[in-house]
Amino acid sequence: MSRRASRLRSHLWRQLHIQGLLRGQAPTTRFVVISTIRSGSTMLVDLIDGHPAAECFYELFHIHPDAIPFAKQGYELLATSAAALDLRRRDPWAFLQRYVWAPVHRSGTRAVGFKLHYAQARQDSWWHEDTYAGMWHACGIPPLYGDRDHDLWQHLRQDRDVRIVHLIRTNILASMVSSQTAQRTASWGDQASGGYRSSDDIRVRIEPDHLRHALQQQQRFQGEIDSWFADHPLLTLTYEDLVGQRQQQLDRVFDFLGLERREIVPSTRKLRTTSLRESILNVDELAAACRDVLPPERFEAFLQE
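Residues 87 to 391, numbered by our numbering, are exactly what the sequence shown covers, in order.
Some hints could be false.
[As the list claims (entries may be wrong)] Straight-line distance between alpha carbons at most 20 Å, and here's what the computed SDA-like set of lysine to any residue pairs gives: (1) K158 <-> S193; (2) K158 <-> G136; (3) K158 <-> P189; (4) K158 <-> V186; (5) K158 <-> Q183; (6) K158 <-> S353; (7) K158 <-> R208; (8) K158 <-> H236; (9) K158 <-> A170; (10) K158 <-> P138; (11) K158 <-> L98; (12) K158 <-> L171; (13) K158 <-> A168; (14) K158 <-> R196; (15) K158 <-> A169; (16) K158 <-> P352; (17) K158 <-> G194; (18) K158 <-> A188; (19) K158 <-> H148; (20) K158 <-> L102; (21) K158 <-> Q244; (22) K158 <-> Q101; (23) K158 <-> R176; (24) K158 <-> D135; (25) K158 <-> T195; (26) K158 <-> A112; (27) K158 <-> W187; (28) K158 <-> R184.
Think of the hints as simulated: they come from the structure by calculation, not from any bench. Being a predicted model, the structure only gives us computed values, none of them experimental.
From just these sequences and the hints, can you work out the full model?
What follows is the structure, encoded as structure tokens:
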């Protein structure tokens, strides 16, 4: 069977299930991977999706308004469907019930989820404030979805059966360098806009105020997740542990999702190949300017990555 024929068959199968003409598999476990940009979330989604009993979608609430990045065979036409796009904007929770957590999945699927960044699909917009807005210029300011009656985060907080996988990148400095590197190479990840290009020898400048704001923002976002989902099944892991102890951390994730442990090899790769110290043009300036919010020993520890 040709690739085109295979895609058409997958599309027709998916549409029959979405329209309710055929019944597929409903997930026994619904989950969300919550993180921020340049945190290793694409790698984690890729690893989870590699499990034969799991489906993990990309950023369904990505800022681009004209396409939904399902990034799965059979969803190609649905990704640009006017009806699906309108439902995602008006009522994100209903969108999930119809297209993601409905009985439309292949036989044997047990866990179904998607990736959600801290600032996506939210009604409150405190990160638009001047203090934080500079950190979002890389991706633009996210649009608001629906209205307060259809706030996705409120629904997630109220539905305590949804499992939350919270991925944190402890090294905020590395995350900022990664963001600037991705901008300059147009390389955001396998499912994101732009293709991979070499990022060797790219050096960036980090404004001290941006680092200060990023630390404040990180603390605020992570505090919200801990508070909002305290009564949910909640698994917190770090990018650093996922990279350094990949299979051990993946076993934790699969246990948490009620899946059999499997060895999965990631398809993503790290953009930066030089050391963090070599990648930053103004290391000494940053260390001096942020000494009050980032102690020298912690700053030095960041540079060791």
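Checked hints:
no., hint, verdict
1, K158 <-> S193, "holds, 16 Å"
2, K158 <-> G136, "holds, 12 Å"
3, K158 <-> P189, "holds, 16 Å"
4, K158 <-> V186, "holds, 12 Å"
5, K158 <-> Q183, "holds, 18 Å"
6, K158 <-> S353, "holds, 15 Å"
7, K158 <-> R208, "violated, 25 Å"
8, K158 <-> H236, "violated, 26 Å"
9, K158 <-> A170, "holds, 15 Å"
10, K158 <-> P138, "holds, 14 Å"
11, K158 <-> L98, "holds, 13 Å"
12, K158 <-> L171, "holds, 16 Å"
13, K158 <-> A168, "holds, 18 Å"
14, K158 <-> R196, "holds, 17 Å"
15, K158 <-> A169, "holds, 18 Å"
16, K158 <-> P352, "holds, 17 Å"
17, K158 <-> G194, "holds, 17 Å"
18, K158 <-> A188, "holds, 16 Å"
19, K158 <-> H148, "holds, 15 Å"
20, K158 <-> L102, "holds, 16 Å"
21, K158 <-> Q244, "violated, 28 Å"
22, K158 <-> Q101, "holds, 13 Å"
23, K158 <-> R176, "violated, 23 Å"
24, K158 <-> D135, "holds, 10 Å"
25, K158 <-> T195, "holds, 14 Å"
26, K158 <-> A112, "holds, 17 Å"
27, K158 <-> W187, "holds, 15 Å"
28, K158 <-> R184, "holds, 16 Å"
This entry does not satisfy hints 7, 8, 21, 23, going by the numbered hints stated previously.
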